[in-house]
Every structure is written in C-alpha cells, then in structure tokens.
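K.L.:
Position chain B against the provided structure of chain A, taking the given hints into account.
As given, the protein sequences belong to chains A and B, one line each in that order.
Counted the way this note's numbering counts, the first sequence spans residues 3 to 139.
Counted the way this note's numbering counts, the second sequence spans residues 2 to 143.
Keep in mind that the hints are not guaranteed to be accurate.
Said to hold, decoys possible - From the structure, some residues in chain A lie toward chain B, with a derived Cβ separation under 10 Å:
1) Lys48
2) Val52
3) Pro70
4) Phe72
To be verified - So the derived list for chain B, only partly shown, Cβ under 7 Å to chain A, looks like this:
5) Asn82
6) Gly87
7) Val101
Hints in this document: simulated from the structure, not taken from any laboratory.
Where a beta carbon is used, it is the ideal one built from N, C-alpha and C, also for glycine.
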Amino acid sequence: MTISAFYMISYFNYYNQQVLFGVVQAAVILLGGLPSSLIAGKISDKYEKVNYRTKSYLATGLSLAGVPLFCLLFLTHGNFWSSVVILFFENLLCEGWMAPSIAMIQQVIDVKFKATAVGVFFFSTAIAQTISTVVVG
Amino acid sequence: MVFGTLVLFTGSLADRLNRRFLLGTCALLWSGTSIATAYSNTFVMICIFRMLLGLFESATAPSAYSLIADYFPPETRTTANAYFAGCIFVGTALSSVSTVMVGNLGWSLTYLIVGIYGCFAAMLVLIFIQEPPRGRYDVAKV
Chain A
3 MTISAFYMIS YFNYYNQQVL FGVVQAAVIL LGGLPSSLIA GKISDKYEKV
53 NYRTKSYLAT GLSLAGVPLF CLLFLTHGNF WSSVVILFFE NLLCEGWMAP
103 SIAMIQQVID VKFKATAVGV FFFSTAIAQT ISTVVVG
Chain B
2 MVFGTLVLFT GSLADRLNRR FLLGTCALLW SGTSIATAYS NTFVMICIFR
52 MLLGLFESAT APSAYSLIAD YFPPETRTTA NAYFAGCIFV GTALSSVSTV
102 MVGNLGWSLT YLIVGIYGCF AAMLVLIFIQ EPPRGRYDVA KV
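Next up, chain A with everything else stripped away, as it sits in the complex:
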C-alpha cells in the first residue's frame, strides 16, 4: 500500500491533487482491502477442518496473486484511473494474506515467544516495505 501510494502520486504527478488522491486511495482500501481481509479470515476458519493447510495456501496464494497485479500497476504506462482500477483489484484479491499468516504464528509458536514471533514477522514486513519503496523509487 505504501509503495503504491508513493509510486502513483509521484508517477502521475498528483502532488497538487493530494486531496483527490487521498479520497481515491481511501475508497480503494475500504472497498478492496477491508473485504479482502475479512473474506480471507472467514474462508480460512471455515475450511481449516477440511484441509489443515488452508491458512498456508491462502497466505501464499494471495501473496503470489499480488505479483502480476503489482507488475501491471508499475509497468503499465496507462492513465491514472486505469492504475486505480488495478490497485483496487490488487487490494481486493491480495490483501487478505496477513490474517492467515499471523494465525499460523499464533498456532505453532510457544506461548512464551508468541508476541516476539509477531514482532519478528512485522520486522520482516517493515524491512521489505522499506527496501521495496527504495527499489521502486
């Protein structure tokens, strides 16, 4: 989310229209990211009894689904609104990976180190976000 926001606002030179970008970004996140997270959580809990690997399938599958969509977002030299549509689908299809990932940590890590493990997870994501922001530019 951070990378795409920085990228889009600079690539499309929307510095002077940050209010418009803010409202569009909010709509995309609310209509795409929020349902994605909730649906992934529900699916994970529902099918966990059928297949104990449901969480890992969801976490990896949703993360991988983001690859082509991010490629489209960053490599398509279209207009602003076509990128917004791609960003919406990226949010809708890919942002549900976090809840199953953390549920796996909560399930397998010893109670003494559970919060530490979550901390390591967030450390990894923060580092990845920082590096990718620099790489994308």
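P.N.:
Relative to chain A, chain B alone:
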C-alpha cells in the same frame, strides 16, 4: 525505520509484561506524540515526535495479536485476526482522507484532533480490555 527495528524488542516486551497495560499505555503515548506534533514549530521537533510515534506504535501489533490468540480459540482466530487487520485498512483509509482535513483545518489542528481521538481510544482499551491467561487455547507447541 524506528517502528521496523524496535518491533523486535517490543514484541519481547509483550511476552513479559501485561499486554493490556502495554497496549493501552503505548496507544496513549503515541497519541500524545500526535498532540505534541501539533504544537511543534521546527522540523527537528516533528522528526523526534514522529520517531517516538514509531517507538510506541511498535508495541501495538505484538501485544494485540498475542491478546487475540488468548481471546479467541483456533477455530475463530483467523477471523478475529482478519477483523483486526481490517481495522488497519480502515485506519489507513482514514489517514488518506486526512488530506481533506489538512486542506480545510491545517496540519496542526489535524494532528491535534487525531491525537485527542487516540487518547480516547487508548482509555477505552485500558478500561474495557481484560488480560486473559497466556496460552489458554494452546495445545501443540513448538
């Protein structure tokens, strides 16, 4: 960077201290940094308060997810995580819309409003959240 680095240490802290207290206190303190930012008049002061925000915010996720693990059984835990992660999306969306507030009210007043709201939310955490016994739903451990 501050958040990313310190979350390793605050995670360990959440394994040792009362998570309800840690979560509420850090939320109160980071909201305090937003209020302090509203009254900042130099770039250095804003930088310092933003770094403090990262410090206090880094204690949130480990404490919250550890609490969720002890509040909800494994059968409904991913859904509970999803609601918490969903609220992060709501917060991110609200932060995007804050550009409207900045445009109408100015950045200083926007920080003040966000900080006051955060203090109110932190007080709710300290009043209503209970500290559950650690690992009460744990069966298999690694």
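K.L.:
With reference to the structure, classify each hint as holding or not holding.
P.N.:
Structure-based check of each hint:
Checking Lys48/A against chain B by beta carbon gives a least distance of about 9 Å; that is within 10 Å, so the hint holds. Hint status for Val52/A: violated, given a least beta-carbon distance of 13 Å to chain B, over 10 Å. Interface hint status for Pro70/A: violated, as the beta-carbon distance to the closest one in chain B is roughly 22 Å, over 10 Å. At its closest, the beta carbon of Phe72/A sits 17 Å from a beta carbon of chain B; the interface hint therefore is violated under the 10 Å criterion.
A distance limit of 7 Å between C-beta atoms decides the matter here; for Asn82/B the minimum to chain A is near 4 Å, and the interface restraint holds. With 7 Å as the threshold, the beta carbon of Gly87/B comes within range of chain A, its nearest partner Cβ sitting at about 4 Å, so the hint holds. With a cut of 7 Å, the hint placing Val101/B at the interface with chain A holds, because the nearest CB-to-CB distance is about 6 Å.
Of the numbered hints given earlier, the model fails hints 2, 3, 4; all others are met.
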